[in-house]
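Asks: Model the full structure from these sequences, guided by the hints.
Residue strings, one per chain:
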Amino acid sequence: MLLIRCPYCGLRPEVEFSYGGEAHISRPEDPNALNDEEWGDFLFMRANQKGAFRERWVHTHGCRRWFNVLRDTSSHEIHATYEVGAPKPDVPGAAKPVRKPRARKSAKP
Amino acid sequence: MTGSMRLAQGGRIDRSKPLRFTFNGKSYTGYQGDTLASALIANGVHLIARSMKYHRPRGIMAAGSDDPNCMVQLAKGARTEPNLKATQIALYDGLEATSVNVFPSLDFDIGAVNGLLAPFMTAGFYYKTFMPSQAFWNKVAEPVIRRAAGFGKAPDAPDPDVYDHCHVHCDVMVVGGGPAGLAAAKAAAATGARVMLADEQSEFGGCLLSLDRTIGGKPCAEWVAETVAELDAAEEVRLLPRTTVTGLYDQNYMVAVEQRIADLTRSSPANPRMRVWHIRARQVVLAAGSHERPLVFADNDRPGTMLAGAALTYLNRYGALPARHALLVTNNDWAYETALTLAANDVQVTVADTRRDVAGDLTDKLTAAGIALKTNRTVTGVTGGKHVTRVTLKAMNDTRDGVTGEAEEIDVNGLIVSGGYSPAVHLHCHVGGKLAFDDERACFVPATARDGLRCVGGTAGHFTIAEAIADGLSAGRAAAVDAGLKSGRAPKALAVEGDIASGAGAIEPMWLMPADKAPNRSKAKFFVDYQNDTGAADIALAAREGFDSVEHMKRYTLTGFGTDQGKLGNINGLAILAQLTGRTISETGTTTFRPPYTPVTFGALAGRDVGDMMDPVRVTSIHDWHVSAGAEFEDVGQWKRPWYFPKAGETMHQAVARECRAARTGVGVLDASTLGKIEVTGKDAGEFLDRVYTNMMSSLKVGFVRYGLMLGEDGMVSDDGTASRIADNRYLITTTTGGAASVFQRLEDYLQTEWPDLDVYLTSVTEQWATVTVSGPKARFLLERLTELPLDPDSFAFMTFQDAQVAGLPARIYRISFTGELSFEVAVAWHHGKALWEAVMEAGHDLGVTPYGTETMHVLRAEKGFIIVGQETDGTLTPDDLGMNWIVSKKKADFVGKRSLIRPDTVREDRKQLVGLLPDDAGFVVPEGAQLVDDPVTLKDVPHFEPPGLDGAPIYRAGKGSPVPMLGHVTSSYWSDALGRSFALGLVKRGRTRHGETIHAPLGDRTVAMKIVDPVFYDAEGSRRDG
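From first to last, the protein sequence lines are chains A and B. Count along the first sequence from 1, then add 383; that gives the number in our numbering. Count along the second sequence from 1, then add 419; that gives the number in our numbering.
Any given hint could be a false lead.
Listed below are the simulated DSBU-like cross-link pairs for lysine-lysine, each with C-alpha atoms no more than 35 angstroms apart in a straight line [as the list claims (entries may be wrong)]: (1) K1317/B / K433/A; (2) K1120/B / K1253/B; (3) K471/A / K853/B.
Here are the simulated distance ranges between beta carbons [stated by the list, open to error]: (4) G1399/B / C392/A: 56 to 62 angstroms; (5) C392/A / G1294/B: 29 to 35 angstroms; (6) S409/A / P1384/B: 39 to 45 angstroms; (7) K1309/B / A416/A: 15 to 21 angstroms; (8) D1147/B / S409/A: 26 to 32 angstroms; (9) V467/A / E970/B: 39 to 45 angstroms.
Hints were generated in silico from the structure; no laboratory data involved. Here the structure is a predicted model, which is why all the values come from computation and not from measurement. The C-beta atom is built at its ideal place from N, Cα and C for all residues, glycine as well.
Replies: Structure, rendered in structure tokens:
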């Protein structure tokens, strides 16, 4: 069981949190402007990468706030947690930045 | 062997405290400090169990959790515990233990005939024999094999014991209390660090309790006692004997299980039987020691066969002689200590070494002790049905893959073996640590470093006590420093004397010993994994049949499964596989080490979260009334909801029919408090609800209520409920009972991450409002007795709400209906719920007011064709599939899920659609979940297997044609009192275009024809809504 640092409440056990999947995928401003493939991409396609990964968590049994976590999916090491809207922290020791999820024409950065 | 094998003196047992115990009904005596295994050995008992597959007699091989054979059933009644290892059971007075897997008795076991069938029971035997038929497996093979192969028996009464969980943090956690662990704890504690030290045995010291060494100038037992006393006295040190760290997880989180009580009958709620420790440590020192490996030769499993280290332990620690005439077979120097110690206790010893050359100092010692040494030897046979009597040796040929010369027979009553040591690297591997094969020591050692984890002593492949002590001292100190403690002065080095062999180069690998015949041609068994009866021949078969990956070999041959998880056999098994496939051991690799290190009883994991404490129970404020009225309850999420209210002698069917009749013809009341309720406030509340519901909520006038549907972004119905506009900037929305928490979380998600610009606040008010639904033609008449508010349709329109006093309580009345009848939902403060309910019951007494439960609610709404999210829907249905396009706004540019409603898949014409279903047999209620097909097939029409006949062979019925297409299924099905017949709701492909057609539900022995109809069965025109 991991300890996760909620940006609002501090270090708390994993059982207080819920997982929300890959971070930084915004709901398109105008879904009607997307063709079926683009919309299907937004709905279903995720990076699912090994290594450093930006993901969403919510402190369900705490402050109920959503926030982002930079976690290594193979070692489970949590490099950073940060508020929604805050700048993305770098991966410690990584020469190149985290591989970006597949580009989507309409998805906000 | 007969007679006492207990030494007159020596060992760590207390001869002044004799303990009586029984094994298989026979009485024996042991002493305080014994394990069940050591006491049995002292009584000359070696035959403990029968093996799983061949029912071969088996004895005690090891002295700890690594023993694969000696499983027993401990105690009786509710506290009985199966499959405990005799080597780990601390003896207590009155202990009762029996063998497992024997029938009718250990001495005479019918299953031993399996041994004769051995040629047919090779690796993959289960798969090959039973693959053809599921039915044959279920009815014949599985029960028979279970009885023959099953180990102990589970208790058949609830566990009377209590188990605790403790959560702790420390600076340095030391796993294992042998020489390395004690030294590490000592060095860490010297810095003032908060240290925890756990060891699975009842006494700290590990192998030092069985060895003769001098540490820091003192006998090692004295050093252990002093060190433990020093640690015990240190304020920041916690000692956990009888505690096994079963798993190491991320962030140095560990689970450890403490066996608190040996004599189970002394357990009580105030004296928990076990304690599960959840430990978070800044630093971990892994000093788990190592496991000795047996050697693989013909019939290497006869009782009386024992590992060299275990023999030394029984002799030195327990004062129990494993044999009087012993042969030691070894490939390494470390085992010589056992030979010398046995000889010193007047045991006649012969040593057979697989190596050609043995170091001169060792041969000198053997000569001095009068021990005969035979080099370059292999074992070609072992005789002795229930105990080893004779061992046959031969010399190895020049290429060391076969035998040469004459056989030598040696009569013995003990066969001591040693194939070297394997570090206990399990915890290191639990967190992803990698291993490398060390050729010098012939074992896998930890190869990767991990922050905050140090492997020391035997776990690092350092098998001498001198190495272990030095490792421990430096790692303990370094761990404390890394944990943030000031180092102070370095701990004094401790001189160790008495190690018989050096660290490296003291072993020549010997995995499969040369024999007269190769294992797969030999009648003898070359056991690798004793618990699973896996032999070298099985591994050869696996390799031959292509299961040459070590993970495949494991699953095909069962090597490494079971309660010992292959602590003895794994490395031998994979090394033999490597040999057979021409790979190195490194290339072959190990299987994955997973927690738990040793078996953990479910009771310990459950802790106090059992019975009423297993899951929170939520009840409404009216719950006590329901209980006293004799309601049957249904679990809905964590809520207890009344299911129906049977009167004396009524069946469920009768009670539900009566409740339905009351609500349709008189007046019924329902406790609806459990519906999820969320208050949505803020100036953008209307805009927000427009985005999350399919229909328009911002246009709702204050005082009005609207039904709404929520979708996922994928366009599938996810929840439904009502929205009431309380004020301009204030709505109250309801959710399904089970969906309350997830809807709330999803709405919060949208507000926080997608639309933080909206001025909206959500508050869960589920438990602020108790709700009583009054429904039926007489509902208005009843409620008028409790309030002055005019309730006639002109004053109080459908889908509106008004605030009023009801029964003297401040209340909000909603005119909404889930039954189709005239209905009022009266909401009051949660703590007024029961008062309101009782007032309604009293006011309606002469009207025959009838409480109804969820079952009646379900029937009434189904008669009206109202869906229940989660019953009619399963996350794959759009509003159109449910015939609910009327609630999907065409005006709104966007709402959650809208874009998905025009995806190619959601506009397919052959989607499943909600329909009503009327069985031709009007008296038959079709089971919910029944599949729907077009052909009126029965089971005999389609190809299938039938249960086996007397000959045990399953019967295949060819049937005609191929399986029929499944067109949908029944989602709700009831008896309707109002219709006087059965009816159902279901999903059928293109169902809306098929009204009037017949569809079939094949139910095994019969097939029920049903007519497809509109899903609204009752009062389609809605004339009853206003009463």
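Asks: Taking 56 to 62 angstroms as the hint, is the beta-carbon distance of G1399/B and C392/A inside that range?
Replies: Holds: the Cβ-Cβ distance is about 59 angstroms, inside 56 to 62 angstroms.
Asks: Under the criterion that the straight-line Cα-Cα distance not exceed 35 angstroms, is the pair K1317/B, K433/A satisfied?
Replies: Holds - the C-alpha atoms of K433/A and K1317/B are around 33 angstroms apart, at most 35 angstroms.
Asks: Holds or violated: are the alpha carbons of K1120/B and K1253/B at most 35 angstroms from each other?
Replies: holds (31 angstroms)
Asks: Using the C-beta atoms of V467/A and E970/B, is the stated range 39 to 45 angstroms upheld?
Replies: Holds - the Cβ-Cβ distance for V467/A and E970/B, about 42 angstroms, lies within 39 to 45 angstroms.
Asks: Cβ-Cβ distance between C392/A and G1294/B: within 29 to 35 angstroms?
Replies: With Cβ atoms ~32 angstroms apart, the hint holds.
Asks: Would the hint linking K471/A and K853/B be met if the CA-CA limit is 35 angstroms?
Replies: Measuring from Cα to Cα gives roughly 32 angstroms; hence the hint holds.
Asks: Has the hinted range 39 to 45 angstroms been met by the Cβ atoms of S409/A and P1384/B?
Replies: holds (41 angstroms)
Asks: Could you see if the CB distance from K1309/B to A416/A stays within 15 to 21 angstroms?
Replies: holds (19 angstroms)
Asks: Is 26 to 32 angstroms right for how far apart the beta carbons of D1147/B and S409/A are?
Replies: holds (30 angstroms)
No hint from the list above goes unmet by this structure.
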